[in-house]
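Enquirer: For the sequence shown, the positions run 1 to 402 when the UniProt record's numbering is used.
Some hints here could point you the wrong way.
To be verified - Distance windows between CB atoms, simulated: (1) A167 to I205: 31 to 39 Å; (2) P161 to P109: 16 to 24 Å; (3) G184 to A139: 36 to 44 Å.
In short, the hints are calculated from the structure, not lab data. Backbone N, C-alpha and C define an ideal beta-carbon position, used for all residues, glycine too.
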Amino acid sequence: MSTKRFKTSFMKDVSKTLRQNIRDWGMYIALLTIMAIFTITTKGVFISSRNIGNLIDQTGYIAVLAVGMTLVIVIRDIDLSVGFLAGFLGAVAAISMVSWHLPVYASIPVVLGLGVLAGLLTGFLVAQMKIPAFVATLAGWLGYRGALQLATMSRGTIIIPSDAFNAIGNGYIPDIPGIGILPGVHKLTLILGVVAIALFIISAINNRRKMRAYDSKVLAMHLFIIELVFVSALVGAITWVLAGYRGLSWTGVVVLIVVIFYNFVMSRTVLGRHIYAVGGNPEAAELSGISVKKVTYVVFASMGLLAALSGILFASRFKSATTTAGTLFELDAIAAAFVGGASPSGGVGKVTGSIVGAFVMMSLTSGMNLMGIDISYQYIVKALVLAGAVIFDIAARNRARE
Numbered sequence: 001m002s003t004k005r006f007k008t009s010f011m012k013d014v015s016k017t018l019r020q021n022i023r024d025w026g027m028y029i030a031l032l033t034i035m036a037i038f039t040i041t042t043k044g045v046f047i048s049s050r051n052i053g054n055l056i057d058q059t060g061y062i063a064v065l066a067v068g069m070t071l072v073i074v075i076r077d078i079d080l081s082v083g084f085l086a087g088f089l090g091a092v093a094a095i096s097m098v099s100w101h102l103p104v105y106a107s108i109p110v111v112l113g114l115g116v117l118a119g120l121l122t123g124f125l126v127a128q129m130k131i132p133a134f135v136a137t138l139a140g141w142l143g144y145r146g147a148l149q150l151a152t153m154s155r156g157t158i159i160i161p162s163d164a165f166n167a168i169g170n171g172y173i174p175d176i177p178g179i180g181i182l183p184g185v186h187k188l189t190l191i192l193g194v195v196a197i198a199l200f201i202i203s204a205i206n207n208r209r210k211m212r213a214y215d216s217k218v219l220a221m222h223l224f225i226i227e228l229v230f231v232s233a234l235v236g237a238i239t240w241v242l243a244g245y246r247g248l249s250w251t252g253v254v255v256l257i258v259v260i261f262y263n264f265v266m267s268r269t270v271l272g273r274h275i276y277a278v279g280g281n282p283e284a285a286e287l288s289g290i291s292v293k294k295v296t297y298v299v300f301a302s303m304g305l306l307a308a309l310s311g312i313l314f315a316s317r318f319k320s321a322t323t324t325a326g327t328l329f330e331l332d333a334i335a336a337a338f339v340g341g342a343s344p345s346g347g348v349g350k351v352t353g354s355i356v357g358a359f360v361m362m363s364l365t366s367g368m369n370l371m372g373i374d375i376s377y378q379y380i381v382k383a384l385v386l387a388g389a390v391i392f393d394i395a396a397r398n399r400a401r402e
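Whole structure, please, built from the sequences with the hints as guidance.
Expert: This is the structure:
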């Protein structure tokens, strides 16, 4: 009888937790479902070490854009200029190394600095001149597209000869030599995965203790243990898959650094709270002493920085800068942000969600390519996924209000 009561209580707790967190967990469930479907339909090719490694590299330049776009959407704005800004700054990086003969360690800071300046310009138009973000960034879209054409006009495609720069988009972290166990497996990647799992468990336990100290609601202990086991198993599985090919790529390292940094800023700092406050209610935020203008400047400067990083990742992956670089990047980033849980009404959105959203969209592309599905049908499927994500978000918000 006690076992039956435990099962009933357990199922009630699970059901209640799912209802309360469905908005946050829905995207993870969607990603796992998509990956499971493509694993079956491609007879395991989709989940192979080589394909997952390539998927991470293909997603990198969109993922970093999606992080910045999430912050922009949180404050109720949009940035249409980032695609061609990324393409233009990728071309600047190529020109700086090929024509100006700058070393990689000088070229990258220059490009990142230009990205920040471009973001500040957009922030000035939006915050100071009161131009709607849609119009200001549409102007940027046109301007940066023209700038990209001018930058690549004389050569068309600018080949980047720097091995160090190209390794950012194509290289992998080195392995630890001289270890005889597990031949053919990338040991350093496995070690990093184990460290990541340990840090996650320690962080989760500490957060639970802090929440209980302030009498905040926490998951029931059995659900908390299940969460730890599930996330640890997921991270362990991804680590094992990556270690089976060439390990963690430098693109993956860059994305992880961006996610960790921005997740910390948005969840643990005053600036992050101010960004959410401005998105939730700009007028109330201003009355409470928050400078909406400063927050707008910071968010758009951050967007420019990440656009520059995206351009670097894209140029290094293809070892060149082209006239079409950046095309539709902004729409992929916006789609990833919305699929990842950002709300069109502002004030809602997570950095981790944007990364999951980016992997959802790129997993669809990778899986359908492996299945040989025509590109026209791929766009239709992506449209349905995006529309479904927004409908799901609206339904979840309406249910939360009831």
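Enquirer: Indicate, hint by hint, whether the structure satisfies it.
Expert: Against the structure, the hints:
1. For A167 and I205, the Cβ-Cβ distance of about 37 Å falls inside the hinted range of 31 to 39 Å, so the restraint holds.
2. Evaluation of the 16 to 24 Å hint for P161 and P109 yields a pass: the beta carbon distance comes to about 20 Å.
3. Between G184 and A139, the C-beta spacing of about 53 Å breaks the proposed range 36 to 44 Å.
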